[in-house]
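Undergrad: For reference, the chains in residue letters:
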Amino acid sequence: MKKRWGYCLLLAAACVAPTVLYPVLLMKILCFALFACSFNLLVGYAGLLSFGHAAFFGAAGYVAGYALKSWGVSTEAGLALGTLAGALIGLVMGALAIRRQGIYFTMITLALAQMLYFVFLQAPFAGGEDGLQGIPRGRLFGLVDLSNDLVLYFVILAISVGAFALIMRTIHSPFGEVLCAIRENEPRAISLGYQVDRYKMLAFVLSAALSGLAGAMKAMVLGFETLTDAHWSMSGLVVLMTLVGGLGTLFGPIVGALIIVLLEDKLGDIGNWLASVTGVNWFGTLGDSVTIVTGFIFIVCVLALRKGIVGEILALFKRIETARQREKFPRRRSDHAHQ
Amino acid sequence: MEIFGLPIQALMSQLLLGLVNGSFYAMLSLGLAVIFGLLNVINFAHGTLYMLGAFLAWTGLNYLGIGYWWMLVLAPVVVGLFGVLIEKTMLRWLYKLDHLYGLLLTFGLTLMIEGLFRSVFGVSGQPYPVPDALDGVTNLGFMMLPNYRAWVVAASLVICFSTWFVIEKTRLGSSLRAGTENPKMVEAFGINVPLMVTATYGFGVALAAIAGVLAAPVIQVSPLMGSNVIIVVFAVVVIGGMGSILGSILTGLGLGVIEGLTRVFYPELSATVVFIVMAIVLIVRPAGLFGKEK
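Residue numbers (the working numbering), protein chains in the order written: chain F, 159 to 497; chain D, 1255 to 1548.
So that you can see chain F by itself, here it is in the shape it has in the complex:
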């Protein structure tokens, strides 16, 4: 019951958010939140750390952008094509990467994504260093004009909520349970008769497709697509968002995406403020060197905050709950001792 209220509150907050923040920034946050959630589906529940998710995100952005711009397809077809592109690349990459485990899996995804980056760098349709510019937003189902930011915001919100519901459904389904079982003890899952590679593959493709949807939406919202989205630093960024929010928590990636996107957006202001307070001029250039700050957050998270923000809050609640239980039923502990 409590949870349902939480969801309603979150949705209400998302609906009134455009009165506080600029809608395009909010849409960017939503796209990255979906990206991080679909990444988290793979790393948090199946235990597979991919360092190549930029490939799906970027490729979908390019495909959707190209389809919208050069073929003039409708918005929903553009997004669908992007999602499909993500899924197909996920299928190929997954088929190769799942052959190896652990750290090798991570390195393979990173290398294959880098290969795709070079493809986009050289392919004529992708526009080289300039990328695709002037991608039209189009009309949804040929009816709704999306050039208004506020209208587009609610469309993006609806798609994101739908995708998030799908992720949640997947996690709580028997399929999700099997994924967790594989993460916890793979040999045992195999001995129970599960075709582990097939489950991993399905999770990988699902995650890739949803990352593709996120990438396609981002290209459509911002109206351009560049190599940044396919670069390895983008793969790192989505890892960071998920890590900051909390690996394997439902809301962690959303919180992480919110924090990191806002931070990137406001870093210039923060830097200027630091420069004026401390008198060190170097801080003024901080806006241009986002990676210094993201790298620092990475290190802090890995060393001190491995559960992430949402993970730590959940752990705190749990601790309070157990303490209260003990206060209420102090005899229970001795009961246990007797057993």
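Just so you know, these hints were derived from the structure itself, not from any lab.
Some hints here could point you the wrong way.
[Claimed, not checked] Examples of chain F residues lying across from chain D (beta carbon under 7 Å, computed):
1) L254
2) I256
3) R257
4) M265
5) I266
6) Q272
7) F276
8) T443
9) I457
This one's a predicted model, so the numbers in the text were calculated from it and none came from an experiment.
All C-beta atoms, glycine included, are put in the ideal place defined by N, C-alpha and C.
Guided by the hints, dock chain D onto chain F, whose structure is given.
TA: Same frame as chain F, now just chain D:
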């Protein structure tokens, strides 16, 4: 003289350039393998420390007046000490956790160090002159051999094989290999394993720094040189597997040569050929050429 319709001079010089790149791949993947063997950490920062080596050489020459030969010794020492610092203050806390946290930590370090260098030096490359003693070319009759490139290949081969010799043939190496297999047991024999781990990390990153100094006159010294090379080296490691020292040396050199040849015959593929080879190897021999899957 021509081979496959190409002048032999062009073919040979690309082949040599491939060998030069291959020796960097070999030294870097060797360092990665040594570190992974004992620490179970994939050192993403390896490329950055390679960049640091090259930048130390460049700074030494331009600001402190320290020449190439001194930096070839000093840079690995400085970077090695920096590595010891990283190991002592950060990596140490992650050994009991999933391997992936080590990768994430070193990834964060990469972002930070690279970001700092970019904000100070910009992204454009800085030239570094070839040292006087190795300037010029030798005429081999069928090709002109640039002395410096020959030196790079020879030096890295010597470094790689001495590392192989130390690890496979000496007492120090045998305790190192034992530490990889069963650190508790080695500790019981009275060997200071934590010290060995720190030293191994320092040594591994010092190798990267040597590669960086060797690379400085061949390629432009730029903050981005590290991350450009590290992903290729990861692919090399996947192809060769990290189980065998000789395996990683051979794979590194071989892929450098393949890359060089691709640059001659089909330049569009030269940036991606290593990844394509990796994909093929994964299909044909999933455990890697020299690897044993645990």
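Undergrad: If a hint holds in the structure, say so; if it does not, say that too.
TA: Each hint tested on the structure:
At a threshold of 7 Å, the smallest CB-CB gap from L254/F to chain D is about 5 Å, leaving the interface hint in force. Annotation: interface hint on I256/F violated; nearest CB of chain D at approximately 10 Å, more than 7 Å. The restraint placing R257/F at the interface with chain D holds, with a minimum CB-CB distance near 4 Å, inside the 7 Å limit. Restraint check, M265/F versus chain D: the minimum CB separation of about 4 Å is within 7 Å; hint holds.
Interface restraint check: I266/F against chain D, minimum CB-CB distance 6 Å, threshold 7 Å, status holds. The interface hint given for Q272/F holds, since its Cβ lies 5 Å from the closest Cβ of chain D, which is under the 7 Å cut-off. Because the beta carbon of F276/F sits about 4 Å from the nearest beta carbon in chain D, less than 7 Å, this interface hint is met. Taking 7 Å as the C-beta contact cut-off toward chain D, the hint placing T443/F at the interface holds, the least distance being around 6 Å.
Residue-level restraint check for I457/F holds (minimum Cβ-Cβ distance to chain D is 4 Å; threshold 7 Å).
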